[in-house]
Amino acid sequence: MKILYFAWLKGKIGTAEEEVQPPASVTTVAALLDWLEARGAGYAAALANREVVRVAVNQEYAGPDHRVAQGDEIALFPPVTGG
Amino acid sequence: MIRVQAEDFDIGAEFARLTADNRNIGGLASFVGLVRDMAPSRTGNAPIGAMTLEHYPGMTEKKLAEIEAEANRRWPLEASLIIHRYGRLEPGDRIVLVATASAHRQAALESCQFLIDWLKTKAPFWKLEETPSGGQWVDARDSDDAAAKRWAAES
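Line by line, the protein sequences are chains A and B.
Residue numbers for the first sequence follow my numbering, so the first one is 1 and each next one is one higher.
Residue numbers for the second sequence follow my numbering, so the first one is 84 and each next one is one higher.
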């Protein structure tokens, strides 16, 4: 699946976009964040406070229980501040 | 109509285009967001040299179109327009234009406020401010969430 990072999450993780292959046991947004968090210090720092991490699955906002699957486009970003 | 662009926009030209050839329009309401030269910080107000607006291409257009469609469901609009810029902007620069047109003022004014309130909490944009101590990502404000929720409660 493709993961996109925006704003300070991109800075902490050090990339704007990556292709990942999580294990088959990763079937929800919450499980994906747990798996990503264990990938390194940057990920851990970016995902330490889940309260300020928003998730979109295929460009729709998604909660922790939302399903994720191969081929999905997942985006992680802080609360939005446009306008 | 939705536009996400780096370039500035001409408010007069946009209004003229929005209302052209539609004699049912009796009122046009608008909101223009501008870059300020100060921003709240932990130690009071801090001067800002400029800001950079980042967004999520694809999702941005999708969310703005959904928000506009919702406004059209709630109010009898003759025309509507959302233009949001991205990239580096300086104090005084225009960031966003929301305009709504209807037969009467109430629908135009209310829907305009609804659009900017919802846009601020749903459209995937992020502001990075250039301050004397470096780049600072703007935090979302609880007051913006409260403003958006007010409309949800009324639906």
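Bear in mind the hints are in silico, worked out from the structure with no lab data behind them.
The beta-carbon is built from N, C-alpha and C at its ideal position, and this holds for glycine as well.
Accuracy of the hints is not assured; some may be wrong.
Said to hold, decoys possible - Take a look, some chain A residues computed to stay more than 12 Å from chain B by CB distance:
#, residue
1, A45
2, A56
3, Q59
4, P64
5, E73
6, F77
As the list claims (entries may be wrong) - Simulated pairs of lysine to aspartate or glutamate, EDC-like, Cα-Cα distance not exceeding 16 Å:
#, chain 1, residue 1, chain 2, residue 2
7, A, K10, B, E137
8, A, K2, A, D72
9, B, K205, B, E137
10, B, K145, A, E37
11, B, K145, A, E60
12, B, K205, A, D72
13, B, K205, B, D228
14, A, K10, A, E37
Evaluated hints:
Every Cβ of chain B is farther than 12 Å from the Cβ of A45 of chain A; the closest lies at roughly 14 Å, confirming the non-interface assignment. For A56 of chain A, the non-interface assignment is contradicted: its Cβ lies about 6 Å from the closest Cβ of chain B, within the 12 Å cut-off. For Q59 of chain A, the shortest C-beta to C-beta distance to chain B comes to about 4 Å, within the 12 Å cut-off, and the non-interface label is violated. Distance to chain B confirms P64 of chain A as a non-interface residue, since its nearest Cβ pair spans about 19 Å, more than 12 Å.
E73 of chain A, annotated as away from the interface, has a beta carbon of chain B within 12 Å; the closest lies near 8 Å. A cut-off of 12 Å between C-beta atoms contradicts the statement that F77 of chain A is not in contact with chain B; the least separation is 6 Å. The suggested pairing of K10 of chain A with E137 of chain B holds, with an alpha-carbon distance near 11 Å, which does not exceed 16 Å. Only pairs whose Cα atoms come within 16 Å are accepted, and K2 of chain A paired with D72 of chain A is accepted, the gap being roughly 6 Å.
With a C-alpha separation of about 14 Å, the suggested pair K205 of chain B and E137 of chain B falls inside the 16 Å cut-off, and the hint holds. Restraint check: the Cα-Cα separation between K145 of chain B and E37 of chain A comes to about 29 Å, which exceeds 16 Å; the hinted pair is violated. Restraint check for K145 of chain B and E60 of chain A: satisfied, since their Cα atoms lie roughly 9 Å apart, inside the 16 Å limit. Restraint check for K205 of chain B and D72 of chain A: the C-alpha separation of about 21 Å exceeds 16 Å, so the hint is violated.
Distance check on the hinted pair: K205 of chain B and D228 of chain B sit about 10 Å apart at the alpha-carbon level, within 16 Å; holds. This hinted pair checks out: K10 of chain A and E37 of chain A have alpha carbons roughly 14 Å apart, not beyond 16 Å.
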